[in-house]
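Colleague: Spelled out from the first residue to the last, the chains are:
Number of protein chains: 2
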Amino acid sequence: MNPKSDATLSLSKVTILVRVREGILDPQGQAVLQALHDMGENDLFSVRIGKLIEIYIPSSDTLESRLESWCRDLLSNPLVESYEIQSIKPVSHQPMSV
Amino acid sequence: MNPKSDATLSLSKVTILVRVREGILDPQGQAVLQALHDMGENDLFSVRIGKLIEIYIPSSDTLESRLESWCRDLLSNPLVESYEIQSIKPVSHQPMSV
Numbered sequence: 276m277n278p279k280s281d282a283t284l285s286l287s288k289v290t291i292l293v294r295v296r297e298g299i300l301d302p303q304g305q306a307v308l309q310a311l312h313d314m315g316e317n318d319l320f321s322v323r324i325g326k327l328i329e330i331y332i333p334s335s336d337t338l339e340s341r342l343e344s345w346c347r348d349l350l351s352n353p354l355v356e357s358y359e360i361q362s363i364k365p366v367s368h369q370p371m372s373v
Numbered sequence: 276m277n278p279k280s281d282a283t284l285s286l287s288k289v290t291i292l293v294r295v296r297e298g299i300l301d302p303q304g305q306a307v308l309q310a311l312h313d314m315g316e317n318d319l320f321s322v323r324i325g326k327l328i329e330i331y332i333p334s335s336d337t338l339e340s341r342l343e344s345w346c347r348d349l350l351s352n353p354l355v356e357s358y359e360i361q362s363i364k365p366v367s368h369q370p371m372s373v
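So the sequence lines, in the order shown, correspond to chains A and B.
For the first sequence, this note's numbering assigns the number 276 to the initial residue and increments by one for each residue that follows.
For the second sequence, this note's numbering assigns the number 276 to the initial residue and increments by one for each residue that follows.
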């Protein structure tokens, strides 16, 4: 099945943010903080680096619960990360494939 | 200097999103797409994974131009990534240190 051939298909763009939990060491953020410090930028309090996940998927009534389950089971490690489904927006065009 | 001792300090929380450019292969996104496919989720069009960067820093008039320069020089690789300074918001509390 090629879903692109279905002209009536309604598509959603989902944006998910995954953050390292407070109190958990974030080595990537620490490295950026140190690099900025080495560039003479001394006034930063903190830098934390997480993941931005963008998904294009057909809209459906069950989408939000499916997303929750993916976030819990695959997209984040609940021990050290928290996730936020920031937005689910209808879109009219599909992203370019790679 | 301990900036935390300055009670008059106005702090900003900056959120920066870094995305792999369209047309550039995103192996991390491909891996997640494949994992979801293996779980029986066959209707996804695309999954792209980028970086969420959150910075706490004192507010200032020059903050935005400093951020632009950090994004260009350190936080993204302009050849294959694009960045977006999504928000600069005043905050009243400092994040927990790690």
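It is worth saying that the hints were derived from the structure and are not from the lab.
What you are looking at is a predicted structure, and each value in this text was computed from that prediction instead of being measured.
Be careful, since some hints might not be right.
The list treats identical chains as interchangeable, and a pair is accepted whether it falls inside one copy or across any two copies.
Pairs of lysine-lysine residues, derived as DSS-like cross-links and limited to a Cα-Cα distance of at most 27 angstroms, are as follows [what the hints assert, rightly or not]:
| # | residue 1 | residue 2 |
| --- | --- | --- |
| 1 | 326 | 364 |
| 2 | 364 | 288 |
| 3 | 326 | 288 |
Colleague: Does each hint fit the structure? Answer for all of them.
Modeller: Structure-based check of each hint:
| no. | hint | in the structure |
| --- | --- | --- |
| 1 | 326 / 364 | both (19 angstroms within a copy, 20 angstroms between copies) |
| 2 | 364 / 288 | both (5 angstroms within a copy, 25 angstroms between copies) |
| 3 | 326 / 288 | both (16 angstroms within a copy, 17 angstroms between copies) |
Going down the numbered hints, you'll see the structure goes against none, and every one checks out.
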